[in-house]
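Chains as they are written, first to last, in my numbering: chain A, 1 to 272; chain B, 273 to 520.
Keep in mind the hints are simulated off the structure, nothing from the lab.
Just so it is clear, the structure is predicted and the values come from calculations on it, not from any experiment.
We put the beta carbon where it would ideally sit given N, CA and C, even for glycine.
Be careful, since some hints might not be right.
[As the list claims (entries may be wrong)] Derived CB-CB ranges, DEER-like:
1) A:I203 with B:E307: 47 to 57 Å
2) B:E391 with A:A20: 34 to 44 Å
3) A:R24 with B:G402: 33 to 43 Å
4) A:V219 with B:L330: 51 to 61 Å
5) B:E307 with A:L117: 45 to 55 Å
6) B:G402 with A:I203: 30 to 40 Å
7) A:G181 with B:E307: 33 to 43 Å
Okay, here's what each chain looks like letter by letter:
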Amino acid sequence: MHKTKQVAKETYAGYLKAKAQAKRKIFIWQIVLLVGFIALWEILARCGILNTFLFSSPSDIWDLFKSYVVDGSLFKHILTSVSETVLGFTIGTITGVIIAIILWWSETVAKILDPTLVVLNALPKTALAPILIVWTGAGISGIVLTAVTISIVTTILSAYNYFLNVDEEKIKMLQSFGATGGQILRKLILPANLGNLINIIKINIGLAWVGVIVGEFIVSRNGLGYLIVYGGQVFRLDLVMMGVVVLALCAFLMYMLVGWFEKWLMKKRVTK
Amino acid sequence: MTNRMTLKHVCKSFYTDEGEVNVLNDINLTLKKGEILVILGPSGSGKSTILNILSKLLAPTSGEIQINGQIGYMFQHDHLLEWRTIMANVLIGLEIQKKLTQENKDRVAQLLQTYGLWEFRNSFPRQLSGGMRQRAALIRTLATSPDILLLDEPFSALDYQTRLMVSDDIYQILKKENKEAILVSHDISEAISMADEICVLSKRPATIKSSHRITLTVEGERTPLSSRKAPEFKDYFDILWKELECHA
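Isolated chain B, as found in the complex (with noise of 0.2 Å):
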């Protein structure tokens, strides 16, 4: 099995009293084994509807979809809850899906100190940063040991450095646990930096325009921050910035 998830022909339309909104248009996607995949396009263009669907929280309209494998949700904010430790908001997974065994509790506690969080484990999500934030909100994810992630432009909220240091972190912590992922971004730049493939999609209703295959030329090991030093970042850059502008 080479494939980890495929779309096809997924069609999605939301119905209100104003009428029917077609939202996504015949949309085909493959995410291969330990891919990234990135799906770029303009807000508003219904990024977030296809990982709705990929998480079944959506149904499609009509379409086929495949998938091998255990999903994980990330989503654009943290999500803490508030009054819960961070040991206790990482768990929350696999209380849920009452998967509470010492295994999985040891398993949390490591990846907890792999990713520099175990010090902070009963301390309050408002006692952390918005970088520590997101690795636990990650951690959270992690912990049910999904698949596939999804990544709902999950650095959106934080500052511009943070953003590149927490999608350094997460682009390591994607690779070391050997997971796919498909993320979804309006910023050409992330979407380089992090991708192996991007599809970029059409504004409303979107359909996939293009689709970009990404190699670059890094020293040692490939990092989001490495990419954006490699050669061939502003090539790829400057032809995605003509795809999205010309229907801007």
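Isolated chain A (complex conformation) (with noise of 0.2 Å):
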């Protein structure tokens, strides 16, 4: 005869560790990977697998890193490039969202405005980086300006678009109270986009970033695009990896800060 027998017994304890065992499993995974890339990289490199001169080596790019951090060159280049991008984030996010506001509320700008921003949002804005620093001088302006022309296109089209996904009855519900278009605006249509405006950022300082690296790739004297672009025409790959490595943690913080930003402003809407 087939018996069987089944004891149950789960618990909402047993729930939640099995739940961090699962989280810590997957960040020691995380660790594992990374490590064991760097350290492959390493030994293949010291075994004359790879070519150190067209791979480097991870102990070459430190010793790299400790000598540019040591004599301070480094945090001059990281400020050029952070300043820069923040700075052409900062304004692109503004004017884009301000332009935005203008377009959601005439529908006749929208309407003229929309042929010309689908050819600016089909056109990969990088293009027109040469000729916005001929115009603006070869300093930190025509980097930023870069961009901002980057960033400020697909501000303006998703914000725009963001504003008008708002529901027509809860405007409706506004206007019977006699609201007029500014108080819409400042107690509907801005308030119910925070989440997509703080996502417009994080996408922002990426498109940036870009901006900025491809500036400095044209013109400059200072930031991680010029170490990146000039340590390829030296042919010396670790500084370029180097560039590489340092431009990823720093575009990694700004967007850590967005995020705790965007939890902060979260839990204070939640508990005011």
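Combine the two chains into a complex, taking the hints into account.
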């Protein structure tokens, strides 16, 4: 005779424990992947399987990193690029949202500008970088302008779309109290899209970095983009790699900062 | 003044690229003081258009409208703003009209207390049940002290039981606050249970097909729930059912 006996015992504490374990497991694997990749790279470079002239090696990059830190020049480059990026995405986001508000306000303006925006959106904005830099000169302004140009068009289009997607009936509700356009904007359109605006900021950080690096590739004496392009020109691949790694870290940190800001804002809103 | 609101020969057409759509054709309505008028009609018959004209969200193509008093509009959905607390939500009308005086705030607090939402004043809409949300929406409308309320199928988004309870709630609030109301509905029983008078709309272009004064024999105070038990309820239902049916 076939007999089965099953004793079930599930507890909430058990569920939490299992969840924490799963999370830890994922974290450990993430670390293993990163460390393993670096270790493999180093080993292959030392055994001579990888050509260090082309691929450099983690230890060379680390040494170079230390020397740049010691003489302080790395911070100068980081500061240049980061401030250009921050400036670029701040100007891009704020002007973009303001233009989106204008488009939301006036359907006529939106219709007039529609083809222009479509073309600008389709155009790879990096193609404009040489022109912008020639116009504004070889300073920081050309690079910032490139960053602004890249981020502003997507900002306008996505913010405008978000604004249009706010429930028509909610607008009617405010209008039934006699709300003006400005009141609808302040009390409904903007707060309803707070999360979306933060997403726009997140996307713009990435886009502004593209603009800044492209700008620095074309003309600059400073910045991470300059380090990378200079390293490439003189075939110092360790310099290129270091530039890329530092760049990745900077972009990641900025992204995290916005993430924290978002969490703080949402928390503040709920506990108001 | 015995009439709160009169509509005379009101017509409304919408113009689209496809042509002219005649929605309302010669609408005549009277809202008497202290009464609830229900406009009953098939969906798409232009019921909401009438309310939008009354609340001045739309202008009529022709006709005459006379309104004595302030209008408050209550929608099918509660449209509470998710990022505002219940208190901030019900105050939004006063905020927009720049009438956030202490006196008005106290009155709103009183309304919240009377209708069982005071404990939830600092909660967010998502923490409330559908019925409570609808009550909050009504308080938001009442906060600006309107004389006449326009209710656009305010219960249709709720499940059946909540719907009966909320219509009972809202009926009592309307009577207690002594407000006139125009309620738009496609639900015959709901219409009979709430109305002092029912106007039946025809299909598009809508005209008032007939109007019925509702007199019910109920024990004690009349509420939507007790109205449903009145002996005349079924007769009214049959009459209205036939009226709606013959052009369905």
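Query raised in the report: Honestly, which of those hints from before does the structure not fit?
Result: Of the numbered hints, all hold.
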